[in-house]
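Asker: The primary structure of each chain is shown beneath.
2 protein chains.
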Amino acid sequence: MKYCSHCGHPVTQRIPENDNLPRYICDHCGAIHYQNPKIITGCLPIWENNDAENQILLCRRAIEPRYGLWTLPAGFMENAETLEQAAERESIEEANANIDSLQLYTVISLPHVNQIYVMYRAQLCDKNFYPGAESLEVELFSEQDIPWDRLAFHTIHFTLEKYFQDRKQNHYPVHTHTINTRNGKSADQ
Amino acid sequence: MKYCSHCGHPVTQRIPENDNLPRYICDHCGAIHYQNPKIITGCLPIWENNDAENQILLCRRAIEPRYGLWTLPAGFMENAETLEQAAERESIEEANANIDSLQLYTVISLPHVNQIYVMYRAQLCDKNFYPGAESLEVELFSEQDIPWDRLAFHTIHFTLEKYFQDRKQNHYPVHTHTINTRNGKSADQ
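Protein chains in written order, with the numbering used here: chain A, 589 to 777; chain B, 589 to 777.
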């Protein structure tokens, strides 16, 4: 940030009165420009097979970062929507996947990139999914077929790993977690 | 937003290519300025009385909005911290309260103000708390003394209400919720 988004004059970085962190401040109009973490929300769409193991819908990324790697439908939350609406919107945008029965599942802090992931378990309503503009392909995977070494993000790895662990007990507590370096070194909480 | 924070030229609002929502766009440098919900995080500090009912620490606000009303320690999450660190920092800033054993408790979407509340249950470590700059007073309350009609926010009301309900069963699932109008009309999820 170099210029004030309210008045267009240059900003400087310093600690405002009654604060303890440096902020971008406009000396012309007095605006203080706070910068805060962004929320990425999405879901783990579960296809319930009556006569076989449940499967999970993954998307292969058609965009950077991590072009060509597999992920769960997720993306930046927008203003004026709820977390659940954002997760449903991302499922449609990335996989044209209709989901319902959302249940909060993983909440992951990534302080090195100023992001919070909020992921839901969800039921996939039908098999009418197909790739959206940001996906090369979308596909159902059984546990033994998950491409663990070609997943796009540590957050996705963590969420899938917890799901397959919890599925054994049929008990799905909400998991909080921190991933705090770029190479994915992480601390359970 | 009227001016580009990168180059200082005026921005216009329109839908970028490959997008479906209007964004602030700079026609001079090409920057797209996304606006996203902010996270407010905090905690419900619990003082465990060995010989009586547990008590909850509340803060009476010394700042607007809702000056003079009671709240739980909470505030805007900063960049470069985890949700748990943010909740601990807010407890110190508002009440000089030392907390530990944080457990995720309520996750509340407020789409009309572009906010997400993430509240933790926490153990209050000692009784050495005292008001921070943003509090008029900080005090322990038993359930029967909670000032329900003088609480600052619906999110705080919801979190306290769930806590006292769950305490009866000694079972504290994570609660998700939406509060979607300014008068606090809300929908359970």
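Among these hints, one or two may not hold up.
Heads up, the list lumps identical chains together, so a pair's fine if it works in one copy or across two of them.
To be verified - Here are the computed lysine-lysine pairs in the DSS-like style, where the Cα-Cα straight-line distance is at most 30 Å:
1. LYS750 <-> LYS590
2. LYS715 <-> LYS590
3. LYS626 <-> LYS756
4. LYS756 <-> LYS590
5. LYS750 <-> LYS715
6. LYS715 <-> LYS756
7. LYS750 <-> LYS626
8. LYS590 <-> LYS626
For the record, the hints were derived by calculation from the structure and aren't laboratory data.
Asker: All hints are to be evaluated individually against the structure, with a verdict given for each.
Answerer: Status of each hint after checking the structure:
1. Taking the closest pair of Cα atoms, LYS750 and LYS590 never come within 30 Å of each other, the shortest separation being 42 Å inside a single copy and 44 Å across copies.
2. In this assembly of identical chains, LYS715 and LYS590 lie within 30 Å of each other by CA distance neither inside one copy nor across copies; the values are 48 Å within and 45 Å between.
3. For the homomeric pair LYS626 and LYS756, neither the shortest alpha-carbon distance inside one copy (33 Å) nor that between copies (36 Å) is at most 30 Å.
4. For the homomeric pair LYS756 and LYS590, neither the shortest alpha-carbon distance inside one copy (52 Å) nor that between copies (53 Å) is at most 30 Å.
5. Within a single copy, LYS750 and LYS715 get their C-alpha atoms as close as 24 Å, which meets the 30 Å cut-off; across copies the closest is 37 Å, which misses it.
6. For the homomeric pair LYS715 and LYS756, the shortest alpha-carbon distance inside one copy (25 Å) is at most 30 Å, but the shortest distance between copies (43 Å) is not.
7. Within a single copy, LYS750 and LYS626 get their C-alpha atoms as close as 23 Å, and across copies as close as 27 Å, so both meet the 30 Å cut-off.
8. For the homomeric pair LYS590 and LYS626, the shortest alpha-carbon distances inside one copy (20 Å) and between copies (22 Å) are both at most 30 Å.
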